[in-house]
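Make the complex out of the two chains shown on their own, each in a separate frame, by following the hints.
Next come the chains, spelled out residue by residue.
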Amino acid sequence: MSTHIAAHRWADLWAGRVGDAERSVMERHAERCRACARVRAHVTRASDSFVAIRSQPAPEVPWDAIRARVHWSVSTERRAALRHRRPAYGWLLAATAAGVAVALATGTTRTAISTERPIAVRKDVAIPPAPPPAALIGLVSRASGDVMVDGVRPSDLFERALARGSLIATGDGRVDVQFGDHSAFALAPRSTIELRRFDAQTIELAVDGTVDVTVAPRGDGQRFLVDAGDHVVEVRGTQFRVTHDAGSTSVACRHGLVAVSDGTGKVEVGAARRVRVANGGSVSSEHVVALSSDEVATLAQATPLALPLWDPALAQSSAPLEIATVGRRDVRVDGVELGLAPLRVRVMPGRHTIEAADSAGRFRRAGWVDVAAPPRGERVEVPAEPPATGGITERRRQLRTRIDRPRIRRCMRSIAKAGLTGTYVEVEIAVDAQGAVGFLNVIDTDLPSATASCVREVLADVRFGAGAAATWRERVDL
Amino acid sequence: MAWHDMLGRVKRDTGSLAALGPADEADLIARCKADERSAHDELYHRFRRQVAGNLYRVLGDRTDLDDLVQEVFVIAFRGLERFRGDARLSTWLYRICVNVALGKIRTRKRRPAAIGVADLDATSADPSLTERPETPDRTLERRQEQERVYKALELLAPKKRIVLYLHEIEGLDLKEIAYLVDSNPVTVRTRLFYARREFYRIIAGEAPTGQAAEPSIDGRSPESPVGVGSGSDGAEP
Numbered sequence: 001m002s003t004h005i006a007a008h009r010w011a012d013l014w015a016g017r018v019g020d021a022e023r024s025v026m027e028r029h030a031e032r033c034r035a036c037a038r039v040r041a042h043v044t045r046a047s048d049s050f051v052a053i054r055s056q057p058a059p060e061v062p063w064d065a066i067r068a069r070v071h072w073s074v075s076t077e078r079r080a081a082l083r084h085r086r087p088a089y090g091w092l093l094a095a096t097a098a099g100v101a102v103a104l105a106t107g108t109t110r111t112a113i114s115t116e117r118p119i120a121v122r123k124d125v126a127i128p129p130a131p132p133p134a135a136l137i138g139l140v141s142r143a144s145g146d147v148m149v150d151g152v153r154p155s156d157l158f159e160r161a162l163a164r165g166s167l168i169a170t171g172d173g174r175v176d177v178q179f180g181d182h183s184a185f186a187l188a189p190r191s192t193i194e195l196r197r198f199d200a201q202t203i204e205l206a207v208d209g210t211v212d213v214t215v216a217p218r219g220d221g222q223r224f225l226v227d228a229g230d231h232v233v234e235v236r237g238t239q240f241r242v243t244h245d246a247g248s249t250s251v252a253c254r255h256g257l258v259a260v261s262d263g264t265g266k267v268e269v270g271a272a273r274r275v276r277v278a279n280g281g282s283v284s285s286e287h288v289v290a291l292s293s294d295e296v297a298t299l300a301q302a303t304p305l306a307l308p309l310w311d312p313a314l315a316q317s318s319a320p321l322e323i324a325t326v327g328r329r330d331v332r333v334d335g336v337e338l339g340l341a342p343l344r345v346r347v348m349p350g351r352h353t354i355e356a357a358d359s360a361g362r363f364r365r366a367g368w369v370d371v372a373a374p375p376r377g378e379r380v381e382v383p384a385e386p387p388a389t390g391g392i393t394e395r396r397r398q399l400r401t402r403i404d405r406p407r408i409r410r411c412m413r414s415i416a417k418a419g420l421t422g423t424y425v426e427v428e429i430a431v432d433a434q435g436a437v438g439f440l441n442v443i444d445t446d447l448p449s450a451t452a453s454c455v456r457e458v459l460a461d462v463r464f465g466a467g468a469a470a471t472w473r474e475r476v477d478l
Numbered sequence: 001m002a003w004h005d006m007l008g009r010v011k012r013d014t015g016s017l018a019a020l021g022p023a024d025e026a027d028l029i030a031r032c033k034a035d036e037r038s039a040h041d042e043l044y045h046r047f048r049r050q051v052a053g054n055l056y057r058v059l060g061d062r063t064d065l066d067d068l069v070q071e072v073f074v075i076a077f078r079g080l081e082r083f084r085g086d087a088r089l090s091t092w093l094y095r096i097c098v099n100v101a102l103g104k105i106r107t108r109k110r111r112p113a114a115i116g117v118a119d120l121d122a123t124s125a126d127p128s129l130t131e132r133p134e135t136p137d138r139t140l141e142r143r144q145e146q147e148r149v150y151k152a153l154e155l156l157a158p159k160k161r162i163v164l165y166l167h168e169i170e171g172l173d174l175k176e177i178a179y180l181v182d183s184n185p186v187t188v189r190t191r192l193f194y195a196r197r198e199f200y201r202i203i204a205g206e207a208p209t210g211q212a213a214e215p216s217i218d219g220r221s222p223e224s225p226v227g228v229g230s231g232s233d234g235a236e237p
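Heads up: the protein sequence lines correspond to chains X and C, in order. Heads up, the first sequence is in this note's numbering, so the first residue is 1 and it goes up one at a time. Heads up, the second sequence is in this note's numbering, so the first residue is 1 and it goes up one at a time.
Chain C with its partners taken away, still in its complex shape (with noise of 0.2 Å):
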């Protein structure tokens, strides 16, 4: 798969400011390892909110997201020399994200913050979602279901967290986690099918205890998880 054309479905915060054509693409990379001041800019100013979006949502809240953002950029300034073009600027910039965002999950693991998680602005949601004016209750519901969601993510390990945000919430297949996490597709099968039979687990927290003995009908292990990589992602091994 050519990373060119993967993670399309991540570049939201996008717009049309970050929406290069891979020469006008080569090109920044080229002012930018020259050292160009305004390629630094420019390339700071297209993708600062996909950067931040990234990490936010990765993360459920925007503690130090500032310095998160900041981390990203100026690791991504010192690592261009690096960068081979084999995957778009976006799709190494969302790379870093996950790897910034992993480090600040496993900070926050040793040490937990005073404040909640999920506290994702309700009201800054997809406009195709709010077309429709909510009622206060379902906007408070589905906060609430964020909360829940983000709670749940908070208790898995880091590297599962992280397996399990970019293919249940992200969307992401197997090569493209694989390649986010810097591993290898198998090894991000096993991580996310046991991410997920966790999560939903938690998430079903109010369901009887018996509910939730393994084996059940599936009976699937993580060699033939059911639905990882399958159906739209074509990423079944």
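Chain X on its own, in the form it takes in the complex (with noise of 0.2 Å):
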């Protein structure tokens, strides 16, 4: 029998598990052990690493994309038990097939019948098949955040043509989705459509969610439906916003008329007018509301993004841009305000100008980009606002007062031999409320570069003592 300690028993002895008098046996052994205090230093270094084991922190993973993904099996599921708590007509179709057994087993009545009263088919007439309404695509116009679409993040999202049957789902983000002239919709975040049909005659979108829509005119015979849980909104030109929850559904129109129904009865809905109905509940007028000025002004907002031109082939003659910027700001893209970025907007090929909203919520001229042809896309990164600044005058003052006038002179005196005056060095700076630079950037000089990197050693050295926080720039002639 081995005389030895059991590794897990340092174990308890490091987590204090062991009484006093065991733990100096245990001491003790390991004292005139080598093995024993071997053990005991290996199962020491474990536990210890335990303590650093339990307070890691969570990684960073993509969160948006994983809600988006929980929030697409959980909605596909909830409208899967959703259509099988539907009427079921199974029953009908039972009986229709029993009817047509019994027909079957009883044939020879069926015959004579039949031989009584045959049937007059004209065959020399044929009646042609009524051609199938022309299939519609939909066009993504602009993305923010995650989109799924039929389940995945596609990486084609502007490429791809969204068709019948496909189904889109938002995360924390938007996605805009034209299918014509002036007729597009906008999913809002954490929502799901369906595109249940999509054609000429018929378009029925099926939303969970919230989702705005605007609709061109349309001609006779067509229909544009979007289902909401047990009530069908039915317009012909307009804007309006649907949303639709576990709780009840809303309508909101900003223009035009929208007609909200279900089993009980119908309702319009009129400009700048809005109906909610509690799920469950029937449409009646007197749910009919006035819109407020800040509703009108959020659903103003939220209009879908529409190319002006629309072409079913507009993917292959438009490219996506993606907008990214430091934080969420608010973005122009040739005067067009888009919202929050970072995004992707589809626009044409050539020159476009971006701007960017500083903290007052002033735009300012971010730059242009050039867009490819596509399917490239380009890519442009609005620069980050730099900081609000006060204080500048004062920083200014010290920097000219303590700037080492005879080391910059030292750095100047092979251009001074040279005969060249009137040299300038121009910098960016930016300077803490304790009077640390934070970053001193030479922006524009038209000395050489060492001298120029001279000069600016010499800038850094500068002291500054505790005050305003600033950033600004100077130009420092020489």
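For the record, the hints were derived by calculation from the structure and aren't laboratory data. Each hint can be trusted.
Sample of chain C residues facing chain X (criterion: CB under 8 Å; computed from the structure):
id, residue
1, Glu36
2, Tyr44
3, Val74
4, Glu145
5, Arg201
Pairs of lysine to aspartate or glutamate, EDC-like flavour, derived with a Cα cap of 16 Å:
id, chain 1, residue 1, chain 2, residue 2
6, C, Lys33, X, Asp245
7, C, Lys151, C, Glu198
8, C, Lys160, C, Glu198
9, C, Lys33, X, Glu77
10, C, Lys104, C, Asp66
11, C, Lys104, C, Glu154
C-beta atoms are modelled at their ideal positions from N, C-alpha and C, and glycine is treated no differently.
Right, dumping it as structure tokens:
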């Protein structure tokens, strides 16, 4: 029998689960047994690492994408469950099948009957089948955040044609889909939409969440329906928003006219009006209320983005432009407000001007971008907004008075010997409240790089005291 | 023991965001059960880090972590109808995490991953551990030690691994573990006894072979495992 100590007992000792008497026995044993001392060291090190493991924080994972996928799974199951709960007509099919079976079993009788009363069929007149209505396609015109199409996050979102049966889901972002001249819908965050029917005759969208729709006036016989649970929204030409969740269905109309119906009745909702019906409740004109000015403004802001010229082949003639920003900033492209970036938007090839809003909400020019021919597209990064600043005058005074002029002259000696005068260096500098220089960049100069670098070093050695944080540009004439 | 008070120790990643009072939690659950989208969002946002952290620590690497987080929340949203409120929501989610992690470990046993275990980020440890900057040697040593722990865990059977992790690393007692792994405390105690013996033998693998010969000084059997469930956890049967 071994007299060594089992490894897990050293773990117990480490965790304080051993009494004093036993502890001293174990420690005495380890003093004279090198093997046990080594095991003890191993176990102690491992046990020490438990603390570090226990305190590991969660790593960063794509939270929005996960949320979108969870939402996708759960909402798909919910929809399937709802379908199963709908009135089943299986009994009718069963009865029909039974009838057919009985008729087949008594085929003689039926033959006799059919002999007695022949069905007149005019074989000479062939009735042509009605041509199927032309299928429509939709193209993504703007997207931000996570967007899933048919359960995947497509890398070719802007090239993909959305047709009947497509199922679109959003995470924390939104997606705009254009499907005609001035016809588009915008799916709000954490919503799903299914293109149940999508042809020239009928457009039927099933929404779970919020969708903003703009529809151009449609021709006779064309129908546009949005299914929102038990309620159906039918429109002719209008802009409206449908919100459907577990509790209620809300339809707000910005302009035009929509009809909201269910099994019990129908109500018309005009411009700047809204109807909200609890799920399970029935629509009634009493539920129609006027929109507030804020609500109208919200609807106006949510107008789906549609390119002025619609062509189903737009995917081949336009390209996505990705606008990346630091944080969430409102952006404009060619003067058109697109909402919060980062986002991707469909544009025609050519030069486009990008503007981004600063913290005060003022749009400032962020640059321009040449978008290449499709399908390459382009990406533009909007520079971060410089931090809010104040006290520039004081910081500027400190800089000017504390520059080591003799050192500057040494830097400039070779230039001065060459007889060059009137040179300058323009720098951008950030100083924090403690006086530490955050950055110092030479943004323009007419000096050779070596000389400019020497001057920059002199400027970098300027010491600032505590005071207001400031970021400014300074032209230093040399 | 009231499950409401259980597992306070494992809710490190929740922070203040997930600190819901019982009434708020009941309200959130009710809204989730009513299929309210905003409630689902709130639940996800409150508990996502806790879920990811739990899975990450149990498994020791971030391979497929996003898929596993997704799986936990899908199971949670599906199962909320059956959630009776016997335990706190965080505890219930932790239980789902444990089961999802167990499934992952079993899959990995069948199809071993090409990458190594223990890619735990050594630079993002608890602030209290990093108040004084570590030397590179110490950082490397700590990382190697964590790798050794996870490699040893990999060698255990999945069920043993889970109970060992929950007891030794998370510091849970037998009843808590029994709830999480849906077993009874006696089974957990036995499983834990063998798991500890095996695990620490592996950890002490560099020691002479005679070292770990059984029985040794403690000479204990699964019926009376010292340290397991005793002391602070008070779960000694």
